[in-house]
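Chemist: Chain by chain, the residues run as shown.
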Amino acid sequence: MFNILHAAFLAPGIKRFVIEAPRIARRHQAGQFVIIRIYEEGERIPLTIENSDPARGTISIVVQSVGKTTRLLNSLRTGDKILDVVGPLGKPSEIAKFGTVVVIGGGVGTAEAYPTAKALKQAGNRVISIVGARNRELIILEAEMRAVSDQLFITTDDGTYGEKGFVSDKLRQLIDNGTPMDLVLAIGPIPMMRAVADVTREPRIRTLASLNPIMIDGTGMCGGCRVLVGNESKFACVDGPEFDAHEVNFDVLMQRNSMYRSEEKLAMEQFENEREALLERIRAGDLQPCTLAGGEQ
Amino acid sequence: MKEPAAPSVNPLTLKERMKIARQHMPEQPACERKSNFHEVNLGFSAELARQEALRCLECEKQTCMTSCPVGVKVREFVHLIAAGDFAGAAAKIREDNALPAITGRVCPQEDHCEGFCVLRKKGESLGIGYLERFVADYEQRTGMRHLPTAPPSGKRVAIVGSGPAGLSAAGDLIQKGHQVRVFEALHELGGVLVYGIPEFRLPKQIIREQIDQLRSMGIEFETDVVVGRTITIDELMDEEGYDAVFVATGAGSPQFMKIPGEQFIGVYSANEFLTRINLMHAYEFPRYDQPIIDFRGKDVAVIGGGNTALDAIRSALRLGARRAYILYRRSETEMPARAEEVKHAQEEGIEFQFLTAPIEFLADEKGWLRAARCQRMELGEPDASGRRRPVPIAGSEFELPLAVAVLAIGTSANPIIQSTTPGLATDKRGYIVADEHSQRTSRRGVFAGGDIVTGSATVILAMGAGRRAAKSIDEFLSSGVW
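Line by line, the protein sequences are chains A and B. Taken in order, the first sequence gives residues 10 to 306; the numbers are from the working numbering. Taken in order, the second sequence gives residues -19 to 462; the numbers are from the working numbering.
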């Protein structure tokens, strides 16, 4: 069982959790993720670690309400518990002195981009960040990103904040203006990462995308998270999650991520009816009706 | 024929014993069980068990025991069953086998004890697996008789992985007086027993009970720890004070066929499909949250001929598949699956397409699998495994309409431990190099065994490796000599 030490919304539907997980905090490196399972009948989902504090033994994650599991998670508060948190998983981001690095965060992807931007800055890179969202309300971690960036640009689809347009538009503008860049890192929705890859393909700027396929164990055991990279099957959990964006087949990733759409819809409908009862059960600690496993015993 | 040397409780002459037919395992009828996940075999009654035990010829050579990877004293425990001392029989098995309720259900007895049983030469072997299961279940119902344990040694052993190899080693080490902690990457204990083997063959409750028995002996367990990621082997030894580590992480990564279309929706690895079903209870969706695509009324094929393939196709049938095929590139004779599982699968209506292999998967415009292009094979010269090599027949290609294909063609080494443990030697396929007797690796104090050393094998072979490792760890901890 893992304690939620602090939980607060950063934006509508986007919540940040500080979780007590000393072992994970000690080993975490930028770019890695955890897999969580909230309660006994829950599914396992991967979530990128936004920050860690080894001294306090905590990690933080930022969660956007999308399906049942993320909605349930975002219904939890400070003092609640999560049944399973395992990690840190995945290969850490490659941190080195590249020169100028453009870090792009789309939507909740900004939370995932943040630790890498921070580490790249500490490694002596010039960091240009582009943070985008649909509208002003959904821009998160602006101050944090600003603190680790030499330059920060903000874009919104509707123009309610920063520049109107997509992050990829801003990137294209920087390239057209002759801004030198040695590496581009894109983390966000699939269409955004694909658009970034399209912009940097021709000028041949090395570009990495952090992929988010459906995952179960997160340790390379099941192969469910396989993605096509350069026409080769790779496991995002152990070979990634970051891959050469120019080699990634985003169509396949998008198709595979839609695999359970009808099941997700059913689960959501059911969840809306049982939300309170479920939360009550979780808070009562009635998490393990039929198993003896889970956490330290 | 010689009468048994040791005094016997068996009042029958050898001739009379051989006249008794092997007792049948009561089972759920095929027509019912193919649509539920409840256990197929229902277990012996005390009467059936005693009757079966009376068939034992009590041979002096005991090839049943010497062919067992963990060395269960078969003659002795069967003798105790015949005498009606079921608790004694269970304790006797436990001297060598930490998981009798599990091996009694999933061990390929025909390759070990039953395959070497003298009765087999004259007819049918003794039902050793059924008897083992009977006494293990009896012990579970009536309470365990604790075995004597050595005084505390003050030494600590970390075991990485709670599958058969890890649990078997833990059971032996705790009896030697060492402090033992088992680390598991998943949220539930049991490794492949939990994520790989379906409920209808090995109920989760049985695994939990067997693990609870180990816990009651003093073994500690910790879930949600991926050794290599959450903590490294060096940290376990240098910072957490473990004197030895046994790496028993299993085979790990599923292999794909590297044929076109494996990324399509509806193509699963057996590991993923079975993990969704077994560990995550996807067959109970939406009561459980982890989904599986809808199998009802669909045609499904599993590619492979081992136990995993049969577990997968029989699960697919239970999810409501219309037609359920096994596609195997060799013939029935070469199938590595357990004989009883093949029989059960045939009874349930699984269609076996031998000498058949897919060469491409085909999908609709949305990326959902619609068919497999297959090829017929014939058997050529024997290959490295000694089995005749399948050779494609030219012009034999055909399309098999399918909504789901599950690949059960084997596994390769998971790299996490190897890549985070400096100085740990691996072979060219990435498996950990360990001595086949001592299970010692290239790193002082680090032992390895089971599938992560040998590649995919069986529960009982992994348990055998666990026992050898425990013995070797105990020697190392007592002598301090590497």
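Calculated from the structure, these hints are not laboratory results. There could be a bad hint or two in this list.
To give an idea of the chain B side of the interface with chain A (calculated C-beta under 8 angstroms), a few residues [to be verified]:
{"id": "1", "residue": "P(-9)"}
{"id": "2", "residue": "L(-8)"}
{"id": "3", "residue": "E12"}
{"id": "4", "residue": "S15"}
{"id": "5", "residue": "Q159"}
{"id": "6", "residue": "R161"}
{"id": "7", "residue": "S249"}
{"id": "8", "residue": "P372"}
{"id": "9", "residue": "I396"}
Ideal Cβ placement from N, Cα and C applies to all residues, glycine included.
Chemist: Taking the earlier hints as the rules, which of them does this structure contradict?
Modeler: 1, 2, 3, 4, 5, 6, 8
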